[in-house]
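K.L.:
First to last, the protein sequences are chains R and G.
Our numbering numbers the first residue of the first sequence as 11 and each following residue consecutively.
Our numbering numbers the first residue of the second sequence as 11 and each following residue consecutively.
No lab work stands behind these hints, which were simulated from the structure alone.
Wrong hints could be hidden among the right ones.
Stretch by stretch, here's where chain R covers chain G in the computed footprint (C-beta under 8 Å, at least three residues) [claimed, not checked]:
1) 11-23
2) 41-50
3) 65-72
4) 75-87
Calculated Cβ distances over 12 Å to all of chain R for the following chain G residues [unchecked claim]:
5) N58
6) W62
7) R93
Glycine included, each C-beta is placed from N, C-alpha and C at the ideal position.
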Amino acid sequence: MSGRRLPGGGRIDRNRPLNFTFEGRPYRGYVGDTLASALLAAGVRVVGRSFKYHRPRGLLAAGVEEANALVQVGEGARAEVNLRATEVELHEGLTARAVNCWPSARFDVGAVNNLFGRLLPAGFYYKTFMWPDWRWFEPVIRRAAGLGRPSILPDPDRYETRHAHCDLLVVGSGPAGLAAALAASRRGERVMLVEQDPLPGGSLLWRPAQIDGRSGSDWAERAAAEIAAAPDALVLTRTTAIGYFDHNALALLERVAGAAGSPGPDHRPRQRLWSVRARRVVLAAGALERPLVFPGNDRPGVMLASAVSEYAARWAARAGDEAVVFTNNDSAYAAAHALLDTGGRVAAVVDSRPAPPARRTASLQARGVRTLLGASIVATHGRPALTGVTIRDAEGHDHRVAADVLAMSGGWNPTVHLFSQSGGALVWDGEQALFRPGRSAQAEVSVGAAAGEFGLSTAIEQGWRAGGGEGAPPLADAADERWTIGPLWRVPARGKAFVDFQNDVTADDIALSARENFVSVEHLKRYTTLGMAADQGKTSNVNALAIMAELTGRPIADVGTTRFRPPFTPATFGAIGGRARGELFQPLRRLPAHDRHVQAGAAFEEYGGWLRPAHYPGAGESAHAAEQREALAVRRAVGLFDGSPLGKIDVVGADAAEFLDRIYANTLSTLKVGRARYGLMLNEQGAVIDDGVTVRLAADHFLVGTTGGGADRIAAWLEEWLQCEWPDLDVLVAPVTTAWAVLTLSGPKARDVLDAAGVDMAIGEEDFPHMTFRECRVAGVPARISRVSFTGEVSFEVSVAADRACELWDRLRLAGAPFGLAPVGIEAWMLLRMEMGYLHLGADTDGATTPDDIGWGRVLKRRRDFVGRRSLTRPELLRKDRLQFVGVEAVDSTVPVPVGSHLRSPGLPSGSEGYVTSSGLSPTLGRGVALAMVRAGRSRYGEELLVITGEGRGRRVRVTVPGVRGPGGEPLDG
Amino acid sequence: MLLIACPWCGPRDETEFVNGGEAHIDRPTPAESVSDADWAAYLFFHDNPRGWLAERWVHAFGCRQWFNVERDTVTHEIRRVWRLGEPRA
Ligand SMILES: [Zn+2]
Numbered sequence: 011m012s013g014r015r016l017p018g019g020g021r022i023d024r025n026r027p028l029n030f031t032f033e034g035r036p037y038r039g040y041v042g043d044t045l046a047s048a049l050l051a052a053g054v055r056v057v058g059r060s061f062k063y064h065r066p067r068g069l070l071a072a073g074v075e076e077a078n079a080l081v082q083v084g085e086g087a088r089a090e091v092n093l094r095a096t097e098v099e100l101h102e103g104l105t106a107r108a109v110n111c112w113p114s115a116r117f118d119v120g121a122v123n124n125l126f127g128r129l130l131p132a133g134f135y136y137k138t139f140m141w142p143d144w145r146w147f148e149p150v151i152r153r154a155a156g157l158g159r160p161s162i163l164p165d166p167d168r169y170e171t172r173h174a175h176c177d178l179l180v181v182g183s184g185p186a187g188l189a190a191a192l193a194a195s196r197r198g199e200r201v202m203l204v205e206q207d208p209l210p211g212g213s214l215l216w217r218p219a220q221i222d223g224r225s226g227s228d229w230a231e232r233a234a235a236e237i238a239a240a241p242d243a244l245v246l247t248r249t250t251a252i253g254y255f256d257h258n259a260l261a262l263l264e265r266v267a268g269a270a271g272s273p274g275p276d277h278r279p280r281q282r283l284w285s286v287r288a289r290r291v292v293l294a295a296g297a298l299e300r301p302l303v304f305p306g307n308d309r310p311g312v313m314l315a316s317a318v319s320e321y322a323a324r325w326a327a328r329a330g331d332e333a334v335v336f337t338n339n340d341s342a343y344a345a346a347h348a349l350l351d352t353g354g355r356v357a358a359v360v361d362s363r364p365a366p367p368a369r370r371t372a373s374l375q376a377r378g379v380r381t382l383l384g385a386s387i388v389a390t391h392g393r394p395a396l397t398g399v400t401i402r403d404a405e406g407h408d409h410r411v412a413a414d415v416l417a418m419s420g421g422w423n424p425t426v427h428l429f430s431q432s433g434g435a436l437v438w439d440g441e442q443a444l445f446r447p448g449r450s451a452q453a454e455v456s457v458g459a460a461a462g463e464f465g466l467s468t469a470i471e472q473g474w475r476a477g478g479g480e481g482a483p484p485l486a487d488a489a490d491e492r493w494t495i496g497p498l499w500r501v502p503a504r505g506k507a508f509v510d511f512q513n514d515v516t517a518d519d520i521a522l523s524a525r526e527n528f529v530s531v532e533h534l535k536r537y538t539t540l541g542m543a544a545d546q547g548k549t550s551n552v553n554a555l556a557i558m559a560e561l562t563g564r565p566i567a568d569v570g571t572t573r574f575r576p577p578f579t580p581a582t583f584g585a586i587g588g589r590a591r592g593e594l595f596q597p598l599r600r601l602p603a604h605d606r607h608v609q610a611g612a613a614f615e616e617y618g619g620w621l622r623p624a625h626y627p628g629a630g631e632s633a634h635a636a637e638q639r640e641a642l643a644v645r646r647a648v649g650l651f652d653g654s655p656l657g658k659i660d661v662v663g664a665d666a667a668e669f670l671d672r673i674y675a676n677t678l679s680t681l682k683v684g685r686a687r688y689g690l691m692l693n694e695q696g697a698v699i700d701d702g703v704t705v706r707l708a709a710d711h712f713l714v715g716t717t718g719g720g721a722d723r724i725a726a727w728l729e730e731w732l733q734c735e736w737p738d739l740d741v742l743v744a745p746v747t748t749a750w751a752v753l754t755l756s757g758p759k760a761r762d763v764l765d766a767a768g769v770d771m772a773i774g775e776e777d778f779p780h781m782t783f784r785e786c787r788v789a790g791v792p793a794r795i796s797r798v799s800f801t802g803e804v805s806f807e808v809s810v811a812a813d814r815a816c817e818l819w820d821r822l823r824l825a826g827a828p829f830g831l832a833p834v835g836i837e838a839w840m841l842l843r844m845e846m847g848y849l850h851l852g853a854d855t856d857g858a859t860t861p862d863d864i865g866w867g868r869v870l871k872r873r874r875d876f877v878g879r880r881s882l883t884r885p886e887l888l889r890k891d892r893l894q895f896v897g898v899e900a901v902d903s904t905v906p907v908p909v910g911s912h913l914r915s916p917g918l919p920s921g922s923e924g925y926v927t928s929s930g931l932s933p934t935l936g937r938g939v940a941l942a943m944v945r946a947g948r949s950r951y952g953e954e955l956l957v958i959t960g961e962g963r964g965r966r967v968r969v970t971v972p973g974v975r976g977p978g979g980e981p982l983d984g
Numbered sequence: 011m012l013l014i015a016c017p018w019c020g021p022r023d024e025t026e027f028v029n030g031g032e033a034h035i036d037r038p039t040p041a042e043s044v045s046d047a048d049w050a051a052y053l054f055f056h057d058n059p060r061g062w063l064a065e066r067w068v069h070a071f072g073c074r075q076w077f078n079v080e081r082d083t084v085t086h087e088i089r090r091v092w093r094l095g096e097p098r099a
């Protein structure tokens with residue numbers, strides 16, 4: 011037993027013990043413990059295995075920067091992986107396992123990698139995983155290299171997103187952050203104070219301090235309570251600011267309900283992602299201690315000095331009985347005192363500086379502690395955990411000293427992650443050997459340790475001022491003491507000296523990277539994977555770039571840092587997704603008559619954001635059989651098709667006709683009231699972007715029809731031209747797609763059905779011809795009818811107000827039953843238009859298709875300008891070998907040629923001359939019908955081509971005009 | 011995420027807007043008398059400066075109005091927003 015629980019003290023509730031298991035073994039802790047503090051107090055020394063070499067690892071830190079103790083908490087659907095044990099609050103019944111270990115942390119099969127460490131140097135992946143060999147390695151490496159295995163079960167919990175605005179957002183509730191939030195809240199500002207810990211206070215929770223005559227932690231508790239009580243202030247604990255984006259937008263992750271891995275206790279979400287827009291931001295996120303880089307620095311028992319102090323003071327957990335302290339700066343002396351104060355022994359303080367401030371050494375010598383100056387640690391001993399260290403003194407002599415804990419300090423890194431994400435520039439502070447915030451890019455200020463200011467009074471004063479505080483700031487009772495450092499970036503001795511503990515990157519790996527000329531920090535990072543693990547290099551980045559600076563003889567400021575990227579700590583997908591999961595991930599639009607389609611047995615699929623009937627299979631009927639039957643019904647009797655998603659845009663105004671003449675590639679102003687016309691729209695590059703039938707309701711009122719996918723896009727397109735190019739035109743545009751339901755009757759019996767349903771006007775061919783439009787009543791429902799056809803059969807496109815869709819559907823089905831009316835889905839509808847050779851925009855065309863490519867060369871003859879016209883005479887668009895829209899029919903069989911098949915003349919050795927864009931089995935003809943884009947296709951009717959790709963490879967097809975003909979050569983629509 | 015001050019609705023999140031590229035590009039007319047080279051310049055060759063850029067935005071999920079914004083492409087600072095038809099200066 012090495013670590014232990016101290017008899018008194020700490021912010022734990024000894025009256026409330028908690029049972030938990032780690033790696034299957036039962037342990038006990040207290041309310042207030044983290045998993046890490048409870049394990050330390052229970053004497054557990056090995057808490058995980060390293061990523062690459064599977065070396066045993068112990069706790070390195072006490073907070074968010076912990077690199078070794080990654081655990082999975084809970085089992086099954088609520089299992090959370092890669093949590094830092096230092097951030098897991100203990101709860102009754104908690105079960106935790108180390109990640110990256112099999113079968114257990116103490117005995118791990120993957121540790122064999124450690125023996126073959128020479129075979130896994132930096133750059134191993136790049137050098138090894140090159141085609142074709144990587145195929146052999148990948149499965150093995152992937153199994154061995156994972157960090158935790160997330161559950162594959164659906165997450166049973168609820169997550170949510172919240173948006174907030176504030177005057178001042180303060181990140182971090184240490185002395186500086188509390189002072190800022192306190193000052194601003196007293197001024198009546200809307201303040202948000204964010205703290206990742208369950209308790210406010212930051213370093214005041216464990217560092218001895220007196221503020222305004224109270225203990226630091228008492229002061230923090232009172233300050234936080236005062237802020238929380240202010241009318242417009244919000245204090246969020248268990249909340250991490252994970253990202254800082256443009257214009258002071260920050261993302262906060264709040265852990266709301268239920269400890270990790272346990273069921274949420276109530277109606278609350280498990281986590282909440284806050285999207286905050288702040289007028290000003292104060293960054294008071296403190297600083298993280300750096301490890302020292304020396305051989306064996308990853309042995310369980312080697313810890314950050316500040317962590318040793320924090321475990322003792324906050325959780326009454328002593329890291330060991332016999333300690334050695336290794337430091338290059340003054341701050342670690344406090345850890346030595348903390349160990350002595352809690353009854354531990356300190357065998358030696360090893361300071362790499364030849365002459366540290368005398369008052370530091372004297373204070374320890376007075377307590378009987380040996381101090382070795384100008385010395386370093388060159389080896390650690392013990393298996394699996396620390397039992398001793400080898401100290402090399404200033405004269406070069408080695409001494410072995412027994413120790414079960416080694417407290418190290420390599421200096422401090424201000425937590426500049428959010429500052430850097432905000433766009434601010436870091437500056438190198440040579441005196442303190444750290445990067446601190448320089449010029450700000452946004453309305454933001456860093457204070458306290460996050461700004462490289464480690465004195466308590468200074469931190470409070472900075473925070474107070476940043477919060478707009480008036481008068482005297484809260485008063486710390488002791489004057490700030492400057493601390494000093496003499497950088498020691500690595501100890502020159504043989505053996506694995508770890509820089510990045512989580513990704514197993516050593517000082518030698520950095521040296522290899524330098525030798526192979528990956529000297530930029532961005533290259534170093536990718537070559538060695540340094541800083542790329544779940545901790546994003548919180549403890550390793552600065553050490554690594556300083557070592558690289560040493561190796562390449564450059565100043566650290568010139569080497570610079572890699573970019574800090576969000577999130578600061580890992581965020582769950584659940585929190586990022588919020589409510590947008592399952593059906594709400596991308597909500598689909600439903601047709602006004604959706605319920606009727608359900609009753610009719612529709613099989614639904616998504617088309618352009620709408621849930622639409624693909625077909626209506628009868629009992630035991632396959633999808634293919636249903637679509638064939640439905641298409642035949644239209645050819646032989648009558649079908650009923652729901653076309654509601656087709657775009658409808660009202661264009662109204664004195665200049666409506668003029669406007670549409672400029673927008674459409676064909677003329678609309680000559681259209682008579684009550685008539686319909688097919689039109690094409692182009693973009694300025696001359697490509698077809700939409701097509702549809704437009705009707706003229708009045709001299710100054712058009713109803714523009716678009717494709718289903720174009721409904722929103724074209725409405726915006728019309729607005730853009732009106733506002734940006736032709737603001738002088740008197741035109742209003744209103745998208746009305748969803749206001750109308752459109753049910754189309756199509757087939758030789760369509761007129762009979764409409765007649766039977768009851769319509770208050772004459773609908774004979776002479777009275778109501780093709781391409782005309784009427785307003786009337788159908789079965790008593792006010793309706794608009796267009797005589798347009800997408801199938802080649804007589805069609806009546808009936809539009810009614812969306813809320814009367816079901817009524818119309820019922821009436822038409824009832825009236826149609828004696829005539830064999832069948833509901834028709836999209837798949838059959840597409841077959842019918844394919845038989846007719848009708849273009850389907852987006853299926854048969856792409857973003858480069860011009861009007862001439864689809865047989866609309868006549869628009870070029872229009873004399874007046876329209877959008878895209880000038881581009882039609884660009885040389886590229888006049889080329890004779892452009893892809894043109896044609897039909898293709900299989901020569902060799904009745905089986906359809908797959909869509910996407912590339913085609914080529916049998917005489918050509920290579921290349922493609924086009925491809926099939928639409929294809930299906932014609933139920934009328936009993937053979938495949940297809941449409942294609944083929945080079946100079948219109949001049950090649952009758953020519954045979956070879957299918958050169960896909961399932962149809964080797965088959966022969968013949969180029970035809972689009973659309974098939976009946977057995978006697980007659981068009982299918984008679 | 012940018013905070014864009016729509017001249018009609020006030021400051022709103024970037025997600026409500028759609029960017030329309032560089033502003034103040036004149037459509038050459040009469041189009042039929044524009045050379046291929048000048049037409050190609052209008053279509054394809056726009057400035058992409060490192061620094062201040064005048065660009066068009068539309069409040070697509072709001073008032074649907076187009077307007078102009080002057081934005082620094084490095085820092086994303088927005089220093090001016092003005093309506094269509096108002097002078098650029
Ligand atoms: Zn607006």
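K.L.:
Each hint needs a verdict: does it hold in this structure or not?
P.N.:
How the hints compare with the structure:
Look at the region 11-23 of chain G against chain R: 4 of its residues bring a Cβ nearer than 8 Å to a Cβ of that chain, three or more, so the hint holds. Three residues within the 8 Å Cβ limit are the bar, and the region 41-50 of chain G against chain R gives 6, so the coverage statement holds. Only residues whose beta carbon comes within less than 8 Å of a beta carbon in chain R count, and the region 65-72 of chain G has 3; three or more means the coverage holds. Evaluation of the coverage hint for the region 75-87 of chain G: fulfilled, as 4 residues show C-beta separations to chain R shorter than 8 Å, against a requirement of three.
Taking the minimum C-beta to C-beta distance to chain R, about 19 Å, the non-interface status of G:N58 holds against the 12 Å cut. No beta-carbon of chain R is positioned within 12 Å of the beta-carbon of G:W62; the least distance is around 16 Å. Not every beta carbon of chain R lies more than 12 Å from that of G:R93, the smallest distance being close to 10 Å; the non-interface claim is violated.
Going through the hint list in order, the structure does not satisfy hint 7, though it satisfies all others.
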